[in-house]
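Q: Sequence:
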Amino acid sequence: MKPLFLLLALFSCLAHAAPPNVILIVTDDQGYGDMSCHGNPWLKTPNIDRLHDEGVSLDDYHVDPYCTPTRAALMTGRYSIRVGAWAVTQGRQLLNPDETTMAEVFEASGYRTGMFGKWHLGDPYPYAPQYRGFQDVVCHKAGGVDEIGNPRGNNYFDDIYYRNGVPEAFEGYCTDIFFSETLRFIREGIGSEDPFFVYLPLNAMHGPVTVEPKYSNPFLAQGIPMNRSKFFGMVQNFDENLGRLLDSLEEWGLDENTLVIFMGDNGTGGGMNNGQRDPTEYNAGMRGKKGSTYEGGHRVACFARWPIGFEAGKTIDALTSHHDWLPTFIDICGLEAPQGVAFDGESILPLLKGEANRWKERTVFIDRQADQLELWDPRVEPGQRYPSRAVLTERWRMVNGELFDIQQDPSQETDVASRFPEVVDTLSAKHAKFFEDVTSHKGKYTPFIIGAPEQNPTQFTTRDWHPTEGGVIWKMSLVRDESVYVNGFWALDVQRSGTYALRISRYPGDEVNAIGANRARIRIGDTEQTLALNPNDTEARFDVDLEAGETLLQTWFKDAETERERGAYYVEATYLGQ
Numbered sequence: 001m002k003p004l005f006l007l008l009a010l011f012s013c014l015a016h017a018a019p020p021n022v023i024l025i026v027t028d029d030q031g032y033g034d035m036s037c038h039g040n041p042w043l044k045t046p047n048i049d050r051l052h053d054e055g056v057s058l059d060d061y062h063v064d065p066y067c068t069p070t071r072a073a074l075m076t077g078r079y080s081i082r083v084g085a086w087a088v089t090q091g092r093q094l095l096n097p098d099e100t101t102m103a104e105v106f107e108a109s110g111y112r113t114g115m116f117g118k119w120h121l122g123d124p125y126p127y128a129p130q131y132r133g134f135q136d137v138v139c140h141k142a143g144g145v146d147e148i149g150n151p152r153g154n155n156y157f158d159d160i161y162y163r164n165g166v167p168e169a170f171e172g173y174c175t176d177i178f179f180s181e182t183l184r185f186i187r188e189g190i191g192s193e194d195p196f197f198v199y200l201p202l203n204a205m206h207g208p209v210t211v212e213p214k215y216s217n218p219f220l221a222q223g224i225p226m227n228r229s230k231f232f233g234m235v236q237n238f239d240e241n242l243g244r245l246l247d248s249l250e251e252w253g254l255d256e257n258t259l260v261i262f263m264g265d266n267g268t269g270g271g272m273n274n275g276q277r278d279p280t281e282y283n284a285g286m287r288g289k290k291g292s293t294y295e296g297g298h299r300v301a302c303f304a305r306w307p308i309g310f311e312a313g314k315t316i317d318a319l320t321s322h323h324d325w326l327p328t329f330i331d332i333c334g335l336e337a338p339q340g341v342a343f344d345g346e347s348i349l350p351l352l353k354g355e356a357n358r359w360k361e362r363t364v365f366i367d368r369q370a371d372q373l374e375l376w377d378p379r380v381e382p383g384q385r386y387p388s389r390a391v392l393t394e395r396w397r398m399v400n401g402e403l404f405d406i407q408q409d410p411s412q413e414t415d416v417a418s419r420f421p422e423v424v425d426t427l428s429a430k431h432a433k434f435f436e437d438v439t440s441h442k443g444k445y446t447p448f449i450i451g452a453p454e455q456n457p458t459q460f461t462t463r464d465w466h467p468t469e470g471g472v473i474w475k476m477s478l479v480r481d482e483s484v485y486v487n488g489f490w491a492l493d494v495q496r497s498g499t500y501a502l503r504i505s506r507y508p509g510d511e512v513n514a515i516g517a518n519r520a521r522i523r524i525g526d527t528e529q530t531l532a533l534n535p536n537d538t539e540a541r542f543d544v545d546l547e548a549g550e551t552l553l554q555t556w557f558k559d560a561e562t563e564r565e566r567g568a569y570y571v572e573a574t575y576l577g578q
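So in the numbering used here, spot 274 of the sequence shown is number 274, and the numbers just go up one at a time.
Bear in mind the hints are in silico, worked out from the structure with no lab data behind them. Where hints are given, some of them may not hold.
Once the Cα atoms are required to be at most 25 Å apart in a straight line, the calculated DSS-like pairs of lysine-lysine come out as [said to hold, decoys possible]: (1) Lys475 x Lys558; (2) Lys353 x Lys314; (3) Lys430 x Lys360; (4) Lys314 x Lys360; (5) Lys430 x Lys444; (6) Lys314 x Lys44.
Take these sequences, add in the hints, and give me the full structure.
A: In structure tokens, the structure reads:
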């Protein structure tokens, strides 16, 4: 360990040095145990291990149990439920447009900004990444490469992604492509005086798990089941690409003053089973996986390497979270803090500098939310509105009504709530106060914008509606399922008064299939219209006059054979003029 005076001298020099480049890497569904440096007996991840060994490891680091909420909190430094994006569908994945994103903070301070991979915080204007501070974007839509909203046929290989909103065909495997685009962006800026910020949120290792056999076959040969072998193979492919990135930074002379951060977005999606153990699963002894409010659902790996800034091989055991990175970047990079924004996270620079004496104990809240209408009903008692939750301190984990001493019981096997009722009362009171604060918006819808000059037309799908019958459809296979009858409404914000064409269909625009309905109906605000259809029609078009302002849209198709109704799965709203 360096003497204290050397560390102080180092950081004194850094204060006058050029601000660092920043690369923030987020993998999807890769848990704390899905790497060899955390003891996984099957995986060999030399480049993840290299980041661990050459950087600082945050060993009590927490995110949300699902992907959209983690991304929303990471981008804003604020709790996901506060900023409008606390679920993965149902219109609750849209990051409130009034929020300031990490990219906007970097951009305002002179950084070049790029984003490559999975956004999952809204696809049209003003939610898409190219409208949120990212100057160079290559991404897929929705929550997965193959989900509704993306071109049909996307399957992780040779897909169509969106370059600054424009569809483009790419050759190769998704993870390879997003790393290649990252390297292109960095290489194009060599020689520039402006530092860069890259956000690299990968869709791997999210399902459907698929990868070239050369990555999965070695695990199959060891008797590991097919799905887990493919999941592990995706990890190996990521590790290989991470090595390509680190080697390129070194080759280009950028590694010393580039801060590289690696983290997962939630607990493991493929390294552990649901309830049924088998010899090939591994989760570092933690209880729960993706989606759980037990430790395994939200404690993830987080490594930060900055050769001229951080002491290599250091482990930080203090309680930290994804809310902390934006205020930390502001401190490290000398960024201009956004005016009037109160972060829920705290700068962890004192911890990274070895000044643990400047760090005070804290309480962190984890919620697994859903878009439940009763959540906002004032007639429902607050305690009944709480989602699945965890309250975290350095010693305690309260998971719903259970209490665990995490220092003595890291696997959360023994509930000690009855022994420490005063701790349960204290943590419950803290959560009640927190929940009242972050839900002060009372579930106000974050609407889709239609008629904006920046983007016309606007498209949205069944995965984005607020359900009124059944749920949402997010898998392409369910679009064609004749047994599914679901419906919901979309919250809209009409930007300009005038006439709008609303085209509604059951199938995406690149798939000319008959709807199989004999009637179409829409309700938007107080206006209802009905059209008779030929069962061979592929869409229904309604021209409606709308006033500027917020409204709700719902659609119906009456099935020609069963007379049952389902909602339109695809909608396109086009402003036609006054």
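Q: Of the hints stated earlier, which fail here?
A: No hint contradicted; all consistent.
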